[in-house]
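Dock chain E against chain G, hints included.
Residues per chain are reported as follows:
2 protein chains.
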Amino acid sequence: MTQQERGKRSKRSILEAAAHVFDERGYDAASTNEILARTGLTRGSMYHHFPTKKAIAMALVDAQAEALEVPDQPMKLQSVIDLTLDFSRRLQRDPVLRASVRLTIEQTSFDAPRQTAYEQSGAAILRLLRQAEEQGEILPGVDVQEATSTIIGAFTGLQIVSQVYTNREDLLDRVTAFWRFMLPGLATPGLIGRLRITEQPLPASAP
Amino acid sequence: MTQQERGKRSKRSILEAAAHVFDERGYDAASTNEILARTGLTRGSMYHHFPTKKAIAMALVDAQAEALEVPDQPMKLQSVIDLTLDFSRRLQRDPVLRASVRLTIEQTSFDAPRQTAYEQSGAAILRLLRQAEEQGEILPGVDVQEATSTIIGAFTGLQIVSQVYTNREDLLDRVTAFWRFMLPGLATPGLIGRLRITEQPLPASAP
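As you go down the protein sequences, you meet chains G and E in turn.
Once you know that position 82 of the first sequence is 82 in the UniProt record's numbering, the rest is easy, because the numbers rise by one and skip nothing.
Once you know that position 124 of the second sequence is 124 in the UniProt record's numbering, the rest is easy, because the numbers rise by one and skip nothing.
Chain G extracted, bound-state conformation (with noise of 0.2 Å):
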């Protein structure tokens, strides 16, 4: 292993070990000392990566965007749909992501960029949502604008609600039951049939 694979794998191992302490105890009473003993490495290593607490929690805060992938549909309500599907997914699988979304979510005395972390799903839902529009996905009098905030906010809700009851265990039911109800608001009729709302099947393995 080259010198800089160690250090990526170092500073992912950081992230990772930092992602379940946050995730256990809230930034406030998250110690760096919990998160390097998680590590194994050492204090000087730590440091040379993250020179601070905040450090950390900045760059797992990164790690939401980076999690936002785009899927390509020819139906781009479905996009925007799968999108929420599948972040949704990777919520209950990602200790990183769970981490760096309960830093936007709490207010603690690490000031987090917390627009930053709305602005980046919302800018990629409105440019969906205007995509949709001009294929005439949309109904006439929609405001795509609105139509953001609303998925963005009901979004930020929903997991935490699955959080509190099922350790987000129901929040695919939860986020397939939100676009039931939103969908006949904000699509046009003769599409709402053809959208599909839960999870992508996975493809059925060859023979």
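Given that identical chains are not distinguished, each listed pair holds provided it fits within a single copy or across any two copies.
Derived SDA-like pairs: lysine to any residue, alpha-carbon spacing no greater than 25 Å straight-line:
id : residue 1 : residue 2
1  : Lys54     : Tyr165
2  : Lys53     : Leu36
3  : Lys53     : Asp28
4  : Lys11     : Thr52
None of these hints come from the bench; they were simulated from the model.
Showing chain E alone in chain G's frame:
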């Protein structure tokens, strides 16, 4: 002022002071010293009402249920909408309610009865939606339990995003937008135009 009145007043002043401190710092960073300093009471008097920081936080969480006033309207969907608008307006004005919501949303070392807060609002909304259903206000096929969860989840997130962007100043606009999108998937078509999704205008003063 009787001793009982003095006691009540002290209790309220502790809750208000605590609300400000929790709202500013979150549970973990808040200290009873800082709360005490804001009240001007003696430590003994504070401990008489609330023996621990946790006891204060529990009393604050209860404040959320107390703030739930269920507006009585002939159309029960109007009652649900008004409930969300009234709660929004109170969030803007009442630091005790803001602290209560924050304690419910954030995961801290304070093990808040987080589900309880959602269940109290949820029970009120579900009851209204069932009445709305009986009165023929709900679209056939709608699962009112699912509608309740969607309203609670969406509202939770809308107020967070509004807090991040405008310190909750635009919260009522966001709630109005949410209802504009939600109603076509929830209410019978003839009803939608008759439901008011903005705040009720104040009664005109007598001439």
